[in-house]
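Protein chains: 2
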Amino acid sequence: MQFRITILGCSSAIPTKDRYPTAQLVDYSDRYFLVDCAEGTQMQLRRYRISFQRIQHILISHMHSDHFLGLPGLLSSMDLLGRKIPMHLYAPSEVISFIRHYKEMTHTPSNFELIFHEIKNQFEGILWENEQFIIRCFPLRHSVACHAFIFEERARPLRMKKNAIIQYGLTIEQIRLAKEGHDIIKADGKVIPNHSITTLPMHPRKYVYMTDTAFLPNVAERILEADVLYHEATFGQDFKIRAEQTQHSTALEAGKMAALARVKKLIIGHFSVRYTNTDSLLAEAKSEFTDTEVAFDGKVIDIPFAYRTFSSNHC
Amino acid sequence: MQFRITILGCSSAIPTKDRYPTAQLVDYSDRYFLVDCAEGTQMQLRRYRISFQRIQHILISHMHSDHFLGLPGLLSSMDLLGRKIPMHLYAPSEVISFIRHYKEMTHTPSNFELIFHEIKNQFEGILWENEQFIIRCFPLRHSVACHAFIFEERARPLRMKKNAIIQYGLTIEQIRLAKEGHDIIKADGKVIPNHSITTLPMHPRKYVYMTDTAFLPNVAERILEADVLYHEATFGQDFKIRAEQTQHSTALEAGKMAALARVKKLIIGHFSVRYTNTDSLLAEAKSEFTDTEVAFDGKVIDIPFAYRTFSSNHC
Chain A
32 MQFRITILGC
42 SSAIPTKDRY
52 PTAQLVDYSD
62 RYFLVDCAEG
72 TQMQLRRYRI
82 SFQRIQHILI
92 SHMHSDHFLG
102 LPGLLSSMDL
112 LGRKIPMHLY
122 APSEVISFIR
132 HYKEMTHTPS
142 NFELIFHEIK
152 NQFEGILWEN
162 EQFIIRCFPL
172 RHSVACHAFI
182 FEERARPLRM
192 KKNAIIQYGL
202 TIEQIRLAKE
212 GHDIIKADGK
222 VIPNHSITTL
232 PMHPRKYVYM
242 TDTAFLPNVA
252 ERILEADVLY
262 HEATFGQDFK
272 IRAEQTQHST
282 ALEAGKMAAL
292 ARVKKLIIGH
302 FSVRYTNTDS
312 LLAEAKSEFT
322 DTEVAFDGKV
332 IDIPFAYRTF
342 SSNHC
Chain B
32 MQFRITILGC
42 SSAIPTKDRY
52 PTAQLVDYSD
62 RYFLVDCAEG
72 TQMQLRRYRI
82 SFQRIQHILI
92 SHMHSDHFLG
102 LPGLLSSMDL
112 LGRKIPMHLY
122 APSEVISFIR
132 HYKEMTHTPS
142 NFELIFHEIK
152 NQFEGILWEN
162 EQFIIRCFPL
172 RHSVACHAFI
182 FEERARPLRM
192 KKNAIIQYGL
202 TIEQIRLAKE
212 GHDIIKADGK
222 VIPNHSITTL
232 PMHPRKYVYM
242 TDTAFLPNVA
252 ERILEADVLY
262 HEATFGQDFK
272 IRAEQTQHST
282 ALEAGKMAAL
292 ARVKKLIIGH
302 FSVRYTNTDS
312 LLAEAKSEFT
322 DTEVAFDGKV
332 IDIPFAYRTF
342 SSNHC
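Read top to bottom, the protein sequences are chains A and B.
Sequence positions in the first sequence follow the numbering used here and run 32 to 346.
Sequence positions in the second sequence follow the numbering used here and run 32 to 346.
In case anyone wonders, no lab produced these hints; they're calculated from the structure.
Quick caveat, the model's predicted, so the values are computed rather than measured.
Do not take every clue at face value.
Put simply, identical chains are the same to the list, so a pair is met inside one copy or across any two.
Said to hold, decoys possible - No more than 30 Å apart at the CA atoms, straight line, and that leaves these computed lysine-lysine pairs for DSSO-like:
no. : residue 1 : residue 2
1   : Lys-210   : Lys-221
2   : Lys-115   : Lys-48
3   : Lys-317   : Lys-330
4   : Lys-134   : Lys-192
5   : Lys-48    : Lys-330
6   : Lys-317   : Lys-296
Build out the structure end to end from the sequences listed, making use of the hints.
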């Protein structure tokens, strides 16, 4: 079950020769989710050898041009390359209107269905889910309606200990009950405590994407203990006033957010064109949160499985 | 008087990892004209270190997405970087509508004026001119309204021969007449033949941009003896039927066009994603026209001055 994020672009509004504007690919077990889609995203997908026909869901955080202008070109290339499977686009109404207008203007009947899911202003809730995985959304604070995305594995059932089934002669129903955490009462009345036949499942992994936003300490609760937090750090403290004016965060604030939410790793990105070298931004974020890394185009972040040990409430 | 073309993208509809879709910069004596503006054009301008704030005119050949999708991002970046000088956009009505819709949608009041010049279907005439340079337009044959652009120096006046003014004691009025090609009649009735006091000016240089189009031999007259012809060669003869269906040209036809128009140099481009290697396309074009080169992203074509010798009708 691979859980991988590939940074396709980590510049803020203006691209540089080394940094494209914002886009990322989230790959959960070969299911591809594109997160924002700035100009040049299709080129970056090719550059990093990611088959873009496998993307079935595109999520757009907000309607600023450095987050969605790659959509028409990407959708057009998908069509020209013979795509048949539907594409789901989760986006603010303005972006949906932009794509509709583009498609009407170019008179290009698609070979595949494009299914729009409007993300309404201040929406908080589920965008997509299946039995293993869930994508949630919550509002950020920016100059236009903007949302964060949480990509999270569902909690898995308890796992049966090796040999427990044979050792205790458990039935299918008893196995089901054991996986739900129940003790098992045998026919002779003997009770098998749950913890003696099960182990804890793997920790459900969580990735949080937060850009563009002013510093929002009150959302720490929502993203608590995420494995990875991608947080914008458009500016350093040297441009703190500009960050406030434009409702962006500084690298220091990104570090504070990671610390408040007790995440495992912080990735900072969405850098202003001012910062050709991001060392100062990294140092700032690290002063608040040690396990910080800097995003760069092509960076791959794998979130590994983490086995849990029994906690006191399970023993 | 530099006359330079920089290829920013020479792929057809679908970009590859090495080729961006269509855009070019024409630099005539430090006056920058952007010709088509596909997705990623602003990145390519940065990559090739071309100051995009110096562009004052953008010409869009047609409304297919691989020729204009870079416009909103480029205009947005120009604005964010503090542009104040106006931008002239010459484009079909659909592209103008697309940009208008984008600007309304994003509520971004520009700091600079964007002046639209609609290129109507089948328009043939002048798009822009000044005392030295003129840009003409004529229709091509494609699945939508599409135009070629001719960038041409104006014919210069005859040049006075070194020492002629002093030798014959010419007045300002006589110099003007001589530059216009008249013989000079001195006060004593003596006639000074024009060719003895003037030399021919430098050859007016001409660049022709023809993409996307079916093979159009009947336009050869219009582009006769151009210094450089950029002609699309989306396909090779191996996809001749596909070329006809989509109203594109093969490399062989591009070569034929160059030969018919007796141009000095042919550059082929707008290659289908099928051709990762363009050797076969080059060979095809060369079989019809020897002085052919293949476009590649970043290729620079300088058109040098060419001094003319006296022709019989001047001697």
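Verification of the supplied hints:
1. Lys-210 x Lys-221: Within one copy only: 18 Å inside a chain, 117 Å across chains, cut-off 30 Å.
2. Lys-115 x Lys-48: between (34 Å within a copy, 23 Å between copies)
3. Lys-317 x Lys-330: Within. Shortest intra-copy distance 19 Å satisfies the 30 Å Cα cut-off; inter-copy 43 Å does not.
4. Lys-134 x Lys-192: Close neither inside one copy (55 Å) nor across copies (61 Å); limit 30 Å.
5. Lys-48 x Lys-330: both (16 Å within a copy, 17 Å between copies)
6. Lys-317 x Lys-296: Cα proximity of Lys-317 and Lys-296: one copy only (11 Å, versus 57 Å across).
This entry does not satisfy hint 4, going by the numbered hints stated previously; all others are met.
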